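**Student:** From just these sequences and the hints, can you work out the full model?
Protein chains in written order, with this note's numbering: chain A, 1 to 501; chain B, 1 to 510.
By construction, these hints were calculated from the structure, which means they are not laboratory data.
There's no promise every hint is true.
[To be verified] Covered stretches of chain B (in silico footprint by chain A; criterion: 3 or more residues with CB under 8 Å from a CB of chain A, positions within the stretch not fixed):
#: 1; stretch: 67-74
#: 2; stretch: 149-156
#: 3; stretch: 386-393
[As the list claims (entries may be wrong)] Only part of the chain A face toward chain B is listed, based on derived beta-carbon distances under 8 Å:
#: 4; residue: S179
#: 5; residue: Y417
#: 6; residue: E418
[Unchecked claim] A few chain B residues that don't get close to chain A, going by computed Cβ distances all over 10 Å:
#: 7; residue: L18
#: 8; residue: R110
#: 9; residue: E142
#: 10; residue: L176
Here the structure is a predicted model, which is why all the values come from computation and not from measurement.
Note that the Cβ used here is the ideal one computed from N, Cα and C, for glycine as well.
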Amino acid sequence: MTPLQIQLPTWAAVAPTLLLGLTALVLLLVDSIDPDSTRPTALAGVATFGSLAALAVAGWYLLAGTGQQGGAIELYGGSVVVDGLSLFFTVVVSSVVAMVSLASYDYLRDRTYQAEFYSLVMLAATGMSLMASSGSLATVFVSLELASLPSYALVAFLKKNRGSVEAGLKYFLVGAVSSAVLAFGISLVYAVTGSLLLSDVASAIGSAGDLVGVAGVGVVMIAGGFAFKTASVPFHFWAPEAYEGAPAPISAFLSSASKAAGFAVAFRVFAVAFPIDAVVPMGIDWPLLFAVLAVVTMTLGNFAAATQENVKRMLAYSSVGHAGYALIGLAALSGSGPNGNVMGASMAHLLVYGFMNTGAFLFIAMVEHWEIGRTFEDYNGLATRAPVACLAMTVFMFSLAGLPPFGGFLSKYALFYEAIQGGFWWLAAVGAINSALSLFYYSRVVKAMWIEDPTGGFDLGATPLGLYAAVMVAAVGTLLLLPAFGPVVETAQSAATALFA
Amino acid sequence: MIIEALIAITFVASMAVLLAPDEWAGRLAAALSLLPIVGSLYMWSRFDATGNALTGGDPAFETTVQWLELGGYTLNWHVGVDGIGLPLVVLTTVLTTLAIVSAWASIDDRQSQFYGLMLFMEANLLGVFTALDFFVWFVFWEAVLLPMYFLIGVWGGPRRKYAAIKFFVYTNIASLAMFIGFIALVFGLGDSVSSLDMPAIAGALRAGELGSLFGIPAATLRSVAFVAMFLGFAVKVPIVPFHTWLPDAHVEAPSPVSVMLAGVLLKMGTYALLRFNFTMLPETATQFAVPIALIAVISVIYGAMLALAQQDLKRIVAYSSVSSMGYVILGLIAYTTYGVGGATFQMIAHGLISGLMFMSVGVMYNTTHTRMVGDMSGMADRMPVTAGIFVAGAFGYMGLPLMAGFAGEFFIFKGAFESTVHAAMPLFTAAAMFGIVIVAGYLLFAMQRTLFGSFRLETDYEVGPAPLSETAPLAVLLVTIIVLGVAPDLFFGMIQDAVDPLLEFGGDLS
Numbered sequence: 001m002t003p004l005q006i007q008l009p010t011w012a013a014v015a016p017t018l019l020l021g022l023t024a025l026v027l028l029l030v031d032s033i034d035p036d037s038t039r040p041t042a043l044a045g046v047a048t049f050g051s052l053a054a055l056a057v058a059g060w061y062l063l064a065g066t067g068q069q070g071g072a073i074e075l076y077g078g079s080v081v082v083d084g085l086s087l088f089f090t091v092v093v094s095s096v097v098a099m100v101s102l103a104s105y106d107y108l109r110d111r112t113y114q115a116e117f118y119s120l121v122m123l124a125a126t127g128m129s130l131m132a133s134s135g136s137l138a139t140v141f142v143s144l145e146l147a148s149l150p151s152y153a154l155v156a157f158l159k160k161n162r163g164s165v166e167a168g169l170k171y172f173l174v175g176a177v178s179s180a181v182l183a184f185g186i187s188l189v190y191a192v193t194g195s196l197l198l199s200d201v202a203s204a205i206g207s208a209g210d211l212v213g214v215a216g217v218g219v220v221m222i223a224g225g226f227a228f229k230t231a232s233v234p235f236h237f238w239a240p241e242a243y244e245g246a247p248a249p250i251s252a253f254l255s256s257a258s259k260a261a262g263f264a265v266a267f268r269v270f271a272v273a274f275p276i277d278a279v280v281p282m283g284i285d286w287p288l289l290f291a292v293l294a295v296v297t298m299t300l301g302n303f304a305a306a307t308q309e310n311v312k313r314m315l316a317y318s319s320v321g322h323a324g325y326a327l328i329g330l331a332a333l334s335g336s337g338p339n340g341n342v343m344g345a346s347m348a349h350l351l352v353y354g355f356m357n358t359g360a361f362l363f364i365a366m367v368e369h370w371e372i373g374r375t376f377e378d379y380n381g382l383a384t385r386a387p388v389a390c391l392a393m394t395v396f397m398f399s400l401a402g403l404p405p406f407g408g409f410l411s412k413y414a415l416f417y418e419a420i421q422g423g424f425w426w427l428a429a430v431g432a433i434n435s436a437l438s439l440f441y442y443s444r445v446v447k448a449m450w451i452e453d454p455t456g457g458f459d460l461g462a463t464p465l466g467l468y469a470a471v472m473v474a475a476v477g478t479l480l481l482l483p484a485f486g487p488v489v490e491t492a493q494s495a496a497t498a499l500f501a
Numbered sequence: 001m002i003i004e005a006l007i008a009i010t011f012v013a014s015m016a017v018l019l020a021p022d023e024w025a026g027r028l029a030a031a032l033s034l035l036p037i038v039g040s041l042y043m044w045s046r047f048d049a050t051g052n053a054l055t056g057g058d059p060a061f062e063t064t065v066q067w068l069e070l071g072g073y074t075l076n077w078h079v080g081v082d083g084i085g086l087p088l089v090v091l092t093t094v095l096t097t098l099a100i101v102s103a104w105a106s107i108d109d110r111q112s113q114f115y116g117l118m119l120f121m122e123a124n125l126l127g128v129f130t131a132l133d134f135f136v137w138f139v140f141w142e143a144v145l146l147p148m149y150f151l152i153g154v155w156g157g158p159r160r161k162y163a164a165i166k167f168f169v170y171t172n173i174a175s176l177a178m179f180i181g182f183i184a185l186v187f188g189l190g191d192s193v194s195s196l197d198m199p200a201i202a203g204a205l206r207a208g209e210l211g212s213l214f215g216i217p218a219a220t221l222r223s224v225a226f227v228a229m230f231l232g233f234a235v236k237v238p239i240v241p242f243h244t245w246l247p248d249a250h251v252e253a254p255s256p257v258s259v260m261l262a263g264v265l266l267k268m269g270t271y272a273l274l275r276f277n278f279t280m281l282p283e284t285a286t287q288f289a290v291p292i293a294l295i296a297v298i299s300v301i302y303g304a305m306l307a308l309a310q311q312d313l314k315r316i317v318a319y320s321s322v323s324s325m326g327y328v329i330l331g332l333i334a335y336t337t338y339g340v341g342g343a344t345f346q347m348i349a350h351g352l353i354s355g356l357m358f359m360s361v362g363v364m365y366n367t368t369h370t371r372m373v374g375d376m377s378g379m380a381d382r383m384p385v386t387a388g389i390f391v392a393g394a395f396g397y398m399g400l401p402l403m404a405g406f407a408g409e410f411f412i413f414k415g416a417f418e419s420t421v422h423a424a425m426p427l428f429t430a431a432a433m434f435g436i437v438i439v440a441g442y443l444l445f446a447m448q449r450t451l452f453g454s455f456r457l458e459t460d461y462e463v464g465p466a467p468l469s470e471t472a473p474l475a476v477l478l479v480t481i482i483v484l485g486v487a488p489d490l491f492f493g494m495i496q497d498a499v500d501p502l503l504e505f506g507g508d509l510s
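**Tutor:** Okay, structure coming up:
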């Protein structure tokens with residue numbers, strides 16, 4: 001007797017993305033039943049449950065090998081692709097969204113427009129998940145906008161707070177310009193290749209002939225669009241403002257999930273549509289472009305972070321620095337090398353980053369909830385009052401700096417290691433030096449919390465349960481990703497290798 | 001699985017203590033820390049390793065589980081102990097418990113965090129002394145720094161922030177240099193190793209399979225990597241001129257933390273030197289024999305002279321560690337059974353004796369609130385038991401026969417005199433032996449002024465005998481020191497068994 005086999009229809013492959021979108025609609029439905037009352041528990045519960053469901057389905061597909069064994073699953077004529085890469089990043093996005101939804105329960109207490117907040121978060125997450133599945137440049141553009149538009153509104157969510165509104169406006173303006181740049185780049189590539197499907201672009205770009213220059217400009221402009229989404233230089237300057245002005249859970253969401261999604265789409269577009277073997281001999285050396293961007297981004301981000309007095313701003317700049325590390329996944333590629341390995345290491349780093357960076361911003365959300373203040377001095381002696389939460393923050397800080405025994409150490413190690421294996425030892429060296437520098441400003445937070453004496457009394461009030469739980473989940477995740485890094489990096493590397501096949 | 005159980009139990013215990021209320025965190029930590037002692041003594045009783053774990057020997061309680069694979073290299077969870085690792089494991093578990101008990105009297109702030117960190121540090125130290133895969137080892141090695149940073153920075157003396165950061169920065173940069181050196185070796189080995197397994201790498205290096213890397217020829221690569229690793233470990237030992245973080249850290253750290261720092265953390269440096277530099281690159285080590293022996297002699301003499309010049313009792317003990325660890329380096333470079341074995345034995349002996357010294361200084365400080373030699377006098381009148389133990393410990397330091405320190409130093413000197421790595425080794429040994437005289441000088445000088453004579457300390461505190469919780473750990477340490485001095489073969493047999501295979505290599509040794 002054969003075991004019971006359930007054959008899912010093909011469209012079920014995008015179930016994780018659909019679940020995220022559906023959750024957004026359910027949230028609106030819940031709210032429309034009784035629009036006048038705020039139901040924080042129901043709303044946060046639905047959002048958390050929905051993202052966990054998406055996480056579970058994506059994780060199940062990833063483990064079951066959906067879209068990995070036997071090639072990627074293509075829908076809508078290849079416009080949407082489900083494979084290891086898209087599922088991996090859906091896992092990243094949905095785990096961040098789950099933590100953010102859980103944490104927002106306390107952050108949003110006594111605020112209006114709660115249902116809208118959660119629906120916008122879920123819609124943005126839908127867009128991010130779709131970004132990872134984009135098989136054509138049209139889908140890339142649409143999904144990127146689907147992720148961006150709710151984000152603009154979310155950054156400006158505290159509409160009576162000048163900083164928040166200003167940040168939203170700045171984010172929106174830079175985003176609009178970047179979208180225009182991206183759209184123009186896409187149109188140039190379309191003009192050269194006559195197709196928007198990534199695989200067709202790849203086969204047509206080799207015969208660009210006289211239009212190489214046009215194609216090159218298109219590639220650079222597309223790279224610019226992604227640089228905006230990942231907060232990489234030169235489109236990074238919105239990031240510190242937006243992360244600082246936005247509600248802290250949104251900062252966590254944007255700097256972890258949105259960045260990861262930006263990398264997901266960049267990995268796919270560049271690996272699939274512009275194969276190195278074909279375009280580099282034509283003079284379109286995009287790995288070199290990303291190598292320059294990586295070095296500049298990580299150095300600039302780290303130096304700017306080192307000079308901050310405000311913890312949230314410091315984290316925002318360090319997030320720029322981490323975009324620089326992740327860019328190594330696009331930079332340390334060559335025509336011959338085992339490119340999947342370094343790109344996979346970069347993906348694994350983004351997953352670990354999803355936990356440690358989300359956790360760090362959510363800790364700041366908790367500090368904002370306690371109304372303690374935002375500078376390093378305000379954190380002085382915090383550990384005397386909230387030792388366990390500060391322990392979690394210490395885990396995030398040291399993990400972001402790349403110290404053992406936390407997940408961030410192994411993910412950075414893997415990233416630099418694979419870069420060296422690919423022959424890009426100088427990129428790894430710059431990364432390692434930057435990483436060592438970053439210990440300086442990360443340890444300032446730790447020093448303030450544990451070693452400095454408190455300057456004034458703390459009146460923390462009740463512990464915000466949802467926030468606290470989310471921070472703990474992130475801390476445990478950051479710790480467990482050290483022993484569990486093996487399957488993570490292997491999954492990521494096989495997913496990335498499939499792109500280059 | 002006993003090693004995993006030991007590490008896991010200690011980790012869980014550290015978390016439990018961290019969450020416990022302050023009132024009984026100390027009691028709980030001491031009680032939980034008995035579990036690793038029982039475990040390590042059990043390991044000792046069932047110890048059946050043969051040879052050296054890194055040179056084809058058969059370590060006890062070995063486990064290998066594949067962890068992850070990166071770019072063709074596998075990283076394994078590979079742990080096990082041989083005759084070099086086991087004594088250090090026992091030392092770690094015993095000293096941690098004693099340090100925890102001795103902290104009861106002096107730590108009265110944020111106690112659950114203090115004891116939690118002590119246990120967290122113990123768990124990582126156990127990992128350092130048992131890991132046989134470079135990567136696992138490095139994770140534990142670095143993780144030891146974090147609790148130490150907090151232990152000095154939060155519970156230390158007036159200049160604790162400076163000392164903590166200096167410690168952190170020094171040792172971190174050192175680790176980076178070491179890491180780069182070692183990874184360069186691994187890459188230089190090319191296809192002949194497929195993992196970061198230390199036995200495999202040691203075997204390939206000893207077999208001379210190192211190739212060139214990035215155009216650097218193998219011979220240069222070997223020397224550069226040796227120096228990078230040596231520097232990395234030398235800071236931890238510490239040897240002159242990388243020792244300046246040590247007095248700062250020691251003086252600012254609370255006494256129980258100093259006990260751990262001098263007793264176990266410094267041993268990480270010499271242990272790593274033995275495991276990496278002297279085991280994996282013996283020929284390069286013998287090429288550098290003269291500079292290394294010179295550094296050892298300078299550390300011995302200069303450290304002792306610095307100790308002689310101090311007024312602070314704790315600084316005296318701190319600098320004397322620099323001096324004692326110099327002997328260990330001398331023993332290692334001797335490359336004889338007695339030299340390397342004696343160095344390993346001296347790690348244990350120094351761990352116990354310096355632990356005893358720091359603890360008794362701490363006991364005196366707790367009651368007088370001063371550590372200045374000039375302020376104290378006639379302490380033996382008021383706290384005779386502590387003073388007696390201090391005298392005994394000082395004699396142990398000087399190398400009184402039938403105490404552990406004598407056995408260690410005797411083996412080292414015997415081994416160094418017999419050494420054939422360089423014709424001048426007897427000369428270096430003789431010079432280093434002169435250090436004993438200075439050690440005796442500063443210890444007798446310090447004892448004379450602090451313990452004897454008439455009591456004349458002007459203080460508002462009642463100066464009297466120390467409570468049992470402070471005296472008992474001292475007594476246990478003293479008994480251990482004497483037992484090991486009378487019967488060094490409790491450890492020396494297994495040490496010898498693990499050391500002998502190291503000495504067989506194709507170098508220019510006859």
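**Student:** Give a verdict on every hint.
**Tutor:** Here is how each hint holds up against the structure:
no.: 1; hint: 67-74; in the structure: holds (count 6)
no.: 2; hint: 149-156; in the structure: holds (count 3)
no.: 3; hint: 386-393; in the structure: violated (count 0)
no.: 4; hint: S179; in the structure: violated (37 Å)
no.: 5; hint: Y417; in the structure: holds (6 Å)
no.: 6; hint: E418; in the structure: holds (5 Å)
no.: 7; hint: L18; in the structure: violated (7 Å)
no.: 8; hint: R110; in the structure: violated (7 Å)
no.: 9; hint: E142; in the structure: violated (4 Å)
no.: 10; hint: L176; in the structure: violated (7 Å)
Violated hints, listed in ascending order, are 3, 4, 7, 8, 9, 10; each of the other numbered hints is respected by the structure.
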